[in-house]
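Residue-level listing of the chains:
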Amino acid sequence: MTRHNRILLSCVYWAFVAYVFIPLILMVMMGFKDSKFIGFPIKSWTLDWYTGVMGDAETLTAFGYSVAIAVLSTVVSILVGTWIAVLLEGRSFWGRAAIFGMTVLPALIPGIISAIAFRIYARLLGIEPGMGAIIWSHAVHNVPFVVLVVMARLSTLPKSQIEAARDLGADPLIAFLRITFPYLVPAIMGASIFCLLLSFDDFVRSFFLGGYEPTLPVLIFAKLKSGMSPEINAIATVALILTALIGVWAERFTRRMNKD
Amino acid sequence: MTYEATARKDSAAPASERTFWGRLSGWGPYMALATFVTASPRRQFLLLAIFPVLWVLTQHVGPMLQMLRVSLTDAYPVAPGVEQHLTIEHYLKFFQDQLFWQPFFRTLSFATVFTFCTLLLTYPVAYFLARHVSPKNRMLLLLLLLIPFWVGEIVRTFAIMILLGNTGAVNLVLKWLGLIDRPIPFMYTSFSMGVGIVYLTALYMLLPLYSALEKLPKSYNEAAADLGAGAWTRFRRVTLPLTLEGISSGCTLVFLISTGFYATPVLLGGPSTTVFAETIGGFFHVAGDQWPTGAAFAIIMFVAALLLTASFQKIMTLLRKGDTR
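These protein sequence lines are chains G and W, in that order.
The first sequence: position 121 = 121 (the numbering used here), numbered continuously.
In the numbering used here, each residue carries its 1-based index in the second sequence increased by 1000.
Don't read these hints as lab results, they were simulated from the structure.
Every residue gets a Cβ at the ideal spot worked out from N, C-alpha and C, and that includes glycine.
Do not rely on the hints blindly, as some may be mistaken.
Said to hold, decoys possible - So these bits of chain W aren't anywhere near chain G, every CB distance computed over 10 Å:
#: 1; residue: Ser1025
#: 2; residue: Pro1029
#: 3; residue: Gln1084
#: 4; residue: Leu1092
#: 5; residue: Gln1098
#: 6; residue: Leu1099
#: 7; residue: Tyr1127
#: 8; residue: Thr1189
#: 9; residue: Ala1223
#: 10; residue: Gly1228
#: 11; residue: Thr1233
#: 12; residue: Thr1273
#: 13; residue: Phe1312
#: 14; residue: Ile1315
#: 15; residue: Leu1318
Said to hold, decoys possible - Selected chain W positions facing chain G (Cβ under 8 Å, derived; list incomplete):
#: 16; residue: Phe1051
#: 17; residue: Pro1052
#: 18; residue: Leu1145
#: 19; residue: Ile1247
#: 20; residue: Thr1259
#: 21; residue: Leu1267
#: 22; residue: Met1301
As the list claims (entries may be wrong) - Computed cross-link-like contacts, EDC-like style, restricted to lysine to aspartate or glutamate with a CA-CA straight-line distance of at most 20 Å:
#: 23; chain 1: W; residue 1: Lys1136; chain 2: G; residue 2: Glu251
#: 24; chain 1: G; residue 1: Lys225; chain 2: W; residue 2: Glu1278
#: 25; chain 1: G; residue 1: Lys159; chain 2: G; residue 2: Asp171
Start from the sequences and build out the full structure, keeping to the hints where you can.
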């Protein structure tokens, strides 16, 4: 009975693997199709779409724009998120639960609602739609994830190390910079990669807060709406390989961190 | 300066000045800063707390409050010299037009159905990983599933379009098997939208289920088996009740996420499957004068989603309590 169950369940697992991989594999294959029309069967193959994309200024600009937004918003998220985590972890004070609740709020708001709330607030703050507005919205949206990751790491820091540093004459600032911060570095690295990917992949905030310059997901969306061609597959494949590689590397990195 | 000279200078200096940190703590401006910061535990705490508190209030709560305020004003942006009035007319608009409340209820019912489908799809997968795989391989098999989920929303939506299109892979296979003569129009229906949304959210269900199942000791099932419970009874009376917490957090997460999708319904859905996100988004494409209505609709959706998930969690808690009797 158990044996049957096991075989049945492993079939379900591999069917699920197929379900999550096959659409992506098909999408990658379609980028090599030697025809303007997306669709099966693929009769002959070509690399033209890729060479076309590599020389396409619009795509390259959008790519650079997305990377710049991802990096800058991640820097802000990490600074703010680490600060909030240091305040919240291991301290009890009046209003702590309320601050924690407000901290995780942006992660719980459904995408479209968060995007338009940011759009309205950007006007109040006087931020014009464009790169600055996108960076700001991504930074705020990603702070909760940084706080949660850094807090988890901080909770495992032995208190005795800080006390030892203080006994040896370090003031709280130096104790933070020399003991706490180095201990947090792996968590901060992990959170950074997570934020980079969230920002790079984000569509809804970039769409509603963007100006005329599209980010890569917004560009792909616009191209999809105006008609499909294997060119989009080539662009999407490049984005896919990049994000998947960073994701896998981050996964290995955090696993090594947890082993230490 | 030669190496010896440097070394001599270093050893001549007091111990605290040798390193970067020693020099820093002896540096005048830094000392002033440190004394200012650490003058009292109270001041130290205030300096630590003031920035995070201001940040969460202005950046996390601020946008929602401003959206609420805009939704209650009669005109936004305010024209110079015109007085602003509070009104609930934008909320009333929602009930007046079928074009508004139909997508709203469609979104909620779709999200419920898709959440349930995700649960049915991922529970066996999580069960297999947690109960039938050795801990060594478990991480590897889980990682394999994580890879596609690093890929962005738009790219994965596009992948589903290629899968389900009229000249897509599914139709090709069906034709090749001789099951159909002409392609089945999967695309631009609630079916294609469902496949897309389940595809995008499956991981958020899988991870809570997996961690709930992993925590469950195998001995419980063995004990139930010793007492004569069959496989189905063991699942229904032991495994399922003890993983309700994972089910409840996974469902909440997936429900909230799937109500918020904008691009996926636009690309995969059709005219008959307009969701509320598209309705809300529509008010922000045209010139700004419709913002209050859009804001009001967003508030309605947020409150409805929160109420639904909160009551769902309440029911799940009651179920859990009922089972531990």
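Numbers of the earlier hints that this structure fails to satisfy, in rising order: 1, 7 and 19
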